[in-house]
Structures are given as structure tokens and as C-alpha cells.
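Construct all of the structure, not just a fragment, from the sequences and the given hints.
Taking the numbering used here, the leading residue of the sequence shown gets 24, the next gets one more, and so forth.
No lab work stands behind these hints, which were simulated from the structure alone. A few of these clues could be false.
Said to hold, decoys possible - Have a look at the derived ranges for each label pair, beta carbon to beta carbon:
#1 Gln-438 / Gln-309: 36 to 44 angstroms
#2 Ala-462 / Pro-289: 23 to 31 angstroms
#3 Pro-30 / Lys-115: 23 to 31 angstroms
#4 Cys-247 / Arg-187: 42 to 50 angstroms
Yeah, the Cβ is synthetic: ideal placement off N, Cα and C, and Gly gets one too.
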Amino acid sequence: MGKSTEPSVAVSIVFEEVAKEIGVPVQFQRYWLWAKRQNHTYRPNRPLTPQEEAQSVGQLRDVTNRAFNSELKLFLEVELGPEFRPLPLPEKSKDDILLFFKLYDPEKAELRYVGRLFVKASGKPFEITSKLNEMAGFPLEDDIELFEEIKFEPHVMCEHIDKRQNFRASQLEDGDIICFQKSPRPENEDQYQYPSVPSFLQYVRNRQVVRFRSLEKPKEDAFCLELSKLSTYDDVVDKVAHHLGVDDPSKIRLTPHNCYSQQPKPQPIKYRGVDHLSDMLLYYNQTSDILYYEVLDIPLPELQGLKTLKVAFHHATKDEVSIHSMRLPKNSTVGDVLNDLKTKVELSHPTAELRLLEVFNHKIYKVFPPNEKIETINDHYWTLRVEEIPEEEKNIGQHDRLIHVYHFIKDPQNQMVQNFGDPFFLVIHESETLSEVKARIQKKLLIPDEEFSKWKFAYVSLGRPDYLQDSDVVSARFQRSIYGAWEQYLGMEHADTTPKRAYTANQNRHTLEKPVKIYN
24 MGKSTEPSVA VSIVFEEVAK EIGVPVQFQR YWLWAKRQNH TYRPNRPLTP
74 QEEAQSVGQL RDVTNRAFNS ELKLFLEVEL GPEFRPLPLP EKSKDDILLF
124 FKLYDPEKAE LRYVGRLFVK ASGKPFEITS KLNEMAGFPL EDDIELFEEI
174 KFEPHVMCEH IDKRQNFRAS QLEDGDIICF QKSPRPENED QYQYPSVPSF
224 LQYVRNRQVV RFRSLEKPKE DAFCLELSKL STYDDVVDKV AHHLGVDDPS
274 KIRLTPHNCY SQQPKPQPIK YRGVDHLSDM LLYYNQTSDI LYYEVLDIPL
324 PELQGLKTLK VAFHHATKDE VSIHSMRLPK NSTVGDVLND LKTKVELSHP
374 TAELRLLEVF NHKIYKVFPP NEKIETINDH YWTLRVEEIP EEEKNIGQHD
424 RLIHVYHFIK DPQNQMVQNF GDPFFLVIHE SETLSEVKAR IQKKLLIPDE
474 EFSKWKFAYV SLGRPDYLQD SDVVSARFQR SIYGAWEQYL GMEHADTTPK
524 RAYTANQNRH TLEKPVKIYN
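Here you go:
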């Protein structure tokens, strides 16, 4: 209980107010000072002296309790008899030690306060076991084990007490806490999850309620489990599998939470890749209580020997995109991916050749060579696009050029170029004018005349558009000396009026303007 009192008020007046409030006369009250131990715990240290009880609240606070600043904290000891009637307090000599006792029940995994006792410093714990059994409601002759609860932070410290060694030799003093339990039988030790006081305190200190979310629904809590920060990787996936009704825990894959982005981290946890739950929840110096889960169709160790890539297949003649999860051995090549994909998609003709592109922010950054290993390819930040190679690109003339063509608009405030839509390659011929190139683009994209007439075309280099006239020869603008094909392109400026459809080929959820089908 707390009371606001002026510093000038006598301590005795406060005691009388407490007596009225709790119904215990002052003569049946004993107040103790708290002391901070070296291990940073606080325990009742000693009763107030008659001289201290005669002081004002401010005087007592200043003399005895500077650490609490403006507060004076006291421990009130009372003795209650039948029907909670207050009784006179036992006398305390210098040889008496005030100890507090807690009873642990391993069957219920419950630790509760059962009372206090004064013991002689020269006495031995076995001398009070009958009294403790009485407090617990056990038969007086039952064998019990005693533990000293020393501290809880930053880690649990709980030591077994030798019942044959006197209290002074065990370094017990006023205010110490003793936990006791029935001596466990060897045949019962495996029956309880926390069979002893130390194991239970470790559990309480390290218990952690974790919110689990399906990786497919990362904003919604699916269920919660109470675990221990010391739970092993196997412990955690076993509990998740049991909750989900999954027979094989190795089919559970977990992904940590990014405390800053409030999203799943890009990389999942590898099979037995961390030691404890605490490692799963730690992100730099931040601790989360969220984990994301997936139920795999094959065991995670087997899956880790494979590489999974999500690719977006753009059909050559149909206005649609299909998303495919390609799962192959890590030593596979891009060519292996493309050959596998051919069996899953509809091609424009049986001999069509495919290529894999790396697309980001509506620009093509790379065409993967067929012999490149897939193990190092990242599909979390880039869109991987597969398309048929047009016939005209297979037979490029000596003076023809293969250029990038991108859609763009200009920001009305800062006039910066912003790309959107699906980028593509186009072969331009040596003396071909913009008018001729536009005709081929309109045919490729199937844009109506009225809408296409509003489009502007520009040579864009390093983000700066240079608008072209219909009579300009396009190939003259594209110099081979420019570093990086994405730094120069033919830009098509027009309004972005096509509805966006999000798809999850990667973590960034880029948008497509074509109907999307997803295959896993």
C-alpha cells in the first residue's frame, strides 16, 4: 500500500493511519527497513528502532533511505491468528533471522507464498521441516528439499540448502527467501516438466509468449504459444507442428520478424540454424515476439538442398503473366530452370526459346546466361521474368541494335522521370526512323490509334529525356560507349492508366499490367 504524507508528519501518526486502514492495532505492527543487496535485490533488513519510530517521515527517509529519493519504503510485519485476528508479534533477538517461505508444487507448476518464520542463526534447517510441512499441509514426517531464491535478474540464481548445515553457515540472513518442495522420487522426475524449484524459476524467468503468423498472411496473428527463451530449435518446431497438427516437425519452416520494417525478414531460419528461441526473436538489439511459419511439402533439410526461384512467365501472344515456383538442386543452371519451365507453360510454338531477365523498378538490369548457376540468384529483391526470345532478336544484323524500351511519366513537381509498366527489348535497324519504330511498338503493344497518338518518345540517358521527332533516326542516339544498357533507353511518355495487379514473385510486390496466374 502507498500513502502520500507530508515529510513533517510524525512516523507514529502514519502508523495509526495504517492501523485504521488495515484493522491491525499499532502494538501488533512491526516495520522494517528495506536494503539493497549487492546482487541488486531488495529484502527487509532490520526493524525500526524506537528512536527511528519517534522521528518524522522526512527525517527517517533522509537518514535511512536516500536511495529511494522522495519515497520512504517500509515492510510491515503482522501476525494473524484464527479468523485473521491480529496477534502479538514474536520477540526478535540478535540471533533470530526472519525468513520467508514459498511452496513449490511440481504437479501444478505453481510457486506460492506460505508464510514467514524466525529461526536461530545457529539452528539447522532440518529442525524446522516439521513446521514447514505443517505450513504446506503435508504429513509432518515428509521429506522436503529447501532452496534459497537468491536473485532473478539478470539470470536466475537458486541454490540448494544443506539441511544439516546451520543457517549462519549457509549465509542466510534477515529477509531471505526459502523455497521448498517435497523431495522428488526418481521415478517421478520425468513426470513433470519442471520437477524442481530451480527448473521452475528458470522457466518463469525465460518464458516467452510468441505470436505466430502464417507467412502468407503476415499481418494476422494465427495463434500464440507459451515457450521458453531457452527452447531449442527442435523444441519450437515440435510445438508449432503439434499445434498445427503436422506429423513431421521438419516440414515447419520459420522466418524471423524485422522489428524496424514490421515485416518478415527476407531469409527464413535454416534447419537447426539457431540454438534457442531467443536467437530467433533477436533482431540487432531489438527483441520481437513474432515468428512466421510455413508448412512445407517436403522436409526442410531436403528443401535446403534445393533452390527455389519465383519467376514470372510473360506469354508471347496472350496478355497474361503466370507466376511459378521453380525448385531445383542448387547446382542447377539457368538453362535447367528454363527447360523445366517449358514443361509447365504454354509456348507460342514448340521450338520457342526462353530467357531469364532480372527486372527492378520497371527496368531490365540483366539477361542471365543459360550456364549461370542459380544458387546465387536472388528473387527477394528483383523480379525474375521469363519470356520467349522473339525471332527477330535471333538474327540481328551487323548494323542493327537491341535497345531497352521503358514506359515513363514525369513527376509534376520535380520533373523527375518515373518508370512504370513492363519494360522490353526491341531491335532497331540502322536507318530506321522514329515513325517506323513507333509503328512496330504500337503493333507489339496493341495500343489503339487514338491513345497512341498522345504518346511522346524520348531518348533517355541517365534519367534525362531528349524528345525525338518522327523523322529522327533512332539508332543514331544509342552509342555503344554508354556504360550499362539501363542507363540509356527509348522512353515512351504517357499516362499510367492501366489498373495495377500486385503479385508476390518477390518481397517487393512489384506490379504488373497483365492478368496474373500463380502456380506453386
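We went through each hint and held it up to the structure:
{"no.": "1", "hint": "Gln-438 / Gln-309: 36 to 44 angstroms", "in the structure": "40 angstroms, holds"}
{"no.": "2", "hint": "Ala-462 / Pro-289: 23 to 31 angstroms", "in the structure": "43 angstroms, violated"}
{"no.": "3", "hint": "Pro-30 / Lys-115: 23 to 31 angstroms", "in the structure": "28 angstroms, holds"}
{"no.": "4", "hint": "Cys-247 / Arg-187: 42 to 50 angstroms", "in the structure": "46 angstroms, holds"}
The structure does not agree with numbered hint 2 stated previously, though it agrees with all others.
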